[in-house]
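Participant: Letter by letter, the chains look like this.
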Amino acid sequence: MERNRKEIWEKFYANHSRSFWFYIYKTCGDENMADDIYQESFVKFLKAKPDIANEKHLKVYLYRIAFHLIIDRMRRIKVEKKSFEEKVHTYERDMHDAGQESGLLLSMEMEKTFKRLKPKQRILLWLAYVEGYSYNEIARMTDTKENSLKVQLFRAREKLANILKAQELQGRAQT
Amino acid sequence: MSKKICTLENDVMKGLREERMSAELREHIQGCPVCQDIAVVQGWMNRFKENAWKTDMTEKTLPTAEGMWNRVHTRRKPDKKLVKKALRPLLIPQVLFYGLLMAGIITTSIWGFKKFGNILDSRVISQFLPFFGIMMIIVVFSLTFCAIVVAFDKRKHPV
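Line order of the protein sequences matches chains A and B.
At position 123 of the first sequence (counting the first as 1) the number is 462 in the working numbering, and the numbers step up by one without a gap.
At position 103 of the second sequence (counting the first as 1) the number is 161 in the working numbering, and the numbers step up by one without a gap.
Here chain A stands alone, though its shape is the one from the complex (with noise of 0.2 Å):
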């Protein structure tokens, strides 16, 4: 049985592990604070002991233990600032080095537009957008109603595309 529960948990972690910690990555913005609480979460998963036939169920439990980690760390911690500078000092120092060019800078562009909306918002919007969950799953991961849930995401969605109408404004005026 035991043996059984390894297999199963190993196929998911290999299936899954990535994307999950790019996820939490993406999210919460800090590299340490991803490996924390991927680990955290990994470890509070695996403790329950979730009925492991439903992969799809199990992927909702996961990212819902995840976004409770997530929110309870960004509260407590400012530190998305910090370490945002921290990373665009590395990034410059390694392009200066190693003549690399607009890939990494597009890439904290854009790190930096998804970092003006709030965690929550970046959460909704990841797992909709990217992930491809339905309403009724993100409501499930994030222990909100479904119709709460909507509200949320049009307003995260809204104030988005809003950033992006306002940049793409910005460069045609520049050039």
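Source of the hints: derived by calculation from the structure; they are not laboratory data.
Be careful, since some hints might not be right.
Here are the simulated DSS-like cross-link-like pairs (lysine-lysine), alpha carbons at most 30 Å apart as the crow flies [to be verified]: (1) B/K107 with A/K395; (2) B/K107 with A/K451; (3) B/K118 with A/K386; (4) A/K459 with A/K395; (5) A/K383 with B/K107; (6) B/K118 with B/K72; (7) A/K504 with B/K112; (8) A/K398 with A/K457; (9) B/K107 with B/K72; (10) A/K398 with A/K454; (11) B/K107 with A/K498; (12) A/K454 with A/K395; (13) A/K386 with B/K139; (14) A/K454 with A/K484; (15) A/K498 with B/K72; (16) A/K484 with A/K383; (17) A/K454 with B/K118; (18) A/K345 with B/K138.
Just so you know, these numbers come straight off a predicted model, no measurement behind them.
Based on the hints, put chain B in the right spot on chain A.
Facilitator: Frame of chain A; chain B shown alone:
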């Protein structure tokens, strides 16, 4: 109040995410402000994910599944039944020791009281002192033993 939800938004999101847009959906987007916003955001999110994946994930190493599994299962709290079973051999000397100690204390006390009466009567203080010393040694030893047992009992055993 502006329109917040479109019935086709899920189809638009899916189509844009998977880059499979039908002509109908394209036409719908032209006239729907909700879906226009969705298209802007979905397109941007796709590019953001692709760029970030290249820069953030190519060199990122994560813990192995085996490592995570072991981390959780070696950290597990000891099973109380197993701890009790492991400590069972200690019970026999413990009970024996307390039995002997009690017997010793009772005997010595009775004897000591008799002697104490004699001391008061017959001035033989030097005869009482060895018994008092033995009693003290027994008490000190028993306290030390108890302290060791308690300390051992409270230690966390990885079972």
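Participant: All hints are to be evaluated individually against the structure, with a verdict given for each.
Facilitator: Tested hints:
Between B/K107 and A/K395, the direct Cα distance comes to roughly 22 Å. Compliance with the 30 Å bound is thereby established for this hinted pair. For the suggested pair B/K107 and A/K451, the alpha carbons sit about 14 Å apart, so the restraint of at most 30 Å is met. For the hint linking B/K118 to A/K386, the alpha-carbon distance of about 26 Å falls within 30 Å, and the restraint holds. In summary, the hint linking A/K459 to A/K395 is supported, as the alpha carbons are separated by about 22 Å, within the 30 Å threshold.
For a cut-off of 30 Å, the pair hint linking A/K383 to B/K107 stands: about 27 Å separates their Cα positions. A hinted pair counts as satisfied when its Cα atoms are at most 30 Å apart, and B/K118 with B/K72 qualifies at roughly 28 Å. With a C-alpha separation of about 25 Å, the suggested pairing of A/K504 with B/K112 holds against the 30 Å cut-off. A distance of roughly 24 Å separates the Cα atoms of A/K398 and A/K457; the hinted pair therefore holds under the 30 Å criterion.
For a cut-off of 30 Å, the pair hint linking B/K107 to B/K72 stands: about 15 Å separates their Cα positions. With a CA separation close to 25 Å, the supplied pair A/K398 and A/K454 stays within the 30 Å bound. About 19 Å separates the Cα atoms of B/K107 and A/K498, which keeps this hinted pair within 30 Å; it holds. A C-alpha spacing of about 29 Å is found between A/K454 and A/K395, which places the hinted pair at or below 30 Å, so the restraint holds.
For the proposed pair A/K386 and B/K139, the alpha carbon gap of about 20 Å is at most 30 Å, so the pair holds. Note on A/K454 and A/K484: the hinted pairing holds, with a Cα-Cα distance of about 25 Å set against a maximum of 30 Å. For the proposed pair A/K498 and B/K72, the alpha carbon gap of about 21 Å is at most 30 Å, so the pair holds. Proximity of A/K484 to A/K383 is assessed by CA-CA distance (about 24 Å); at most 30 Å being required, the pair is judged to hold.
Note on A/K454 and B/K118: the hinted pairing holds, with a Cα-Cα distance of about 21 Å set against a maximum of 30 Å. With a C-alpha separation of about 24 Å, the suggested pairing of A/K345 with B/K138 holds against the 30 Å cut-off.
No hint from the list above goes unmet by this structure.
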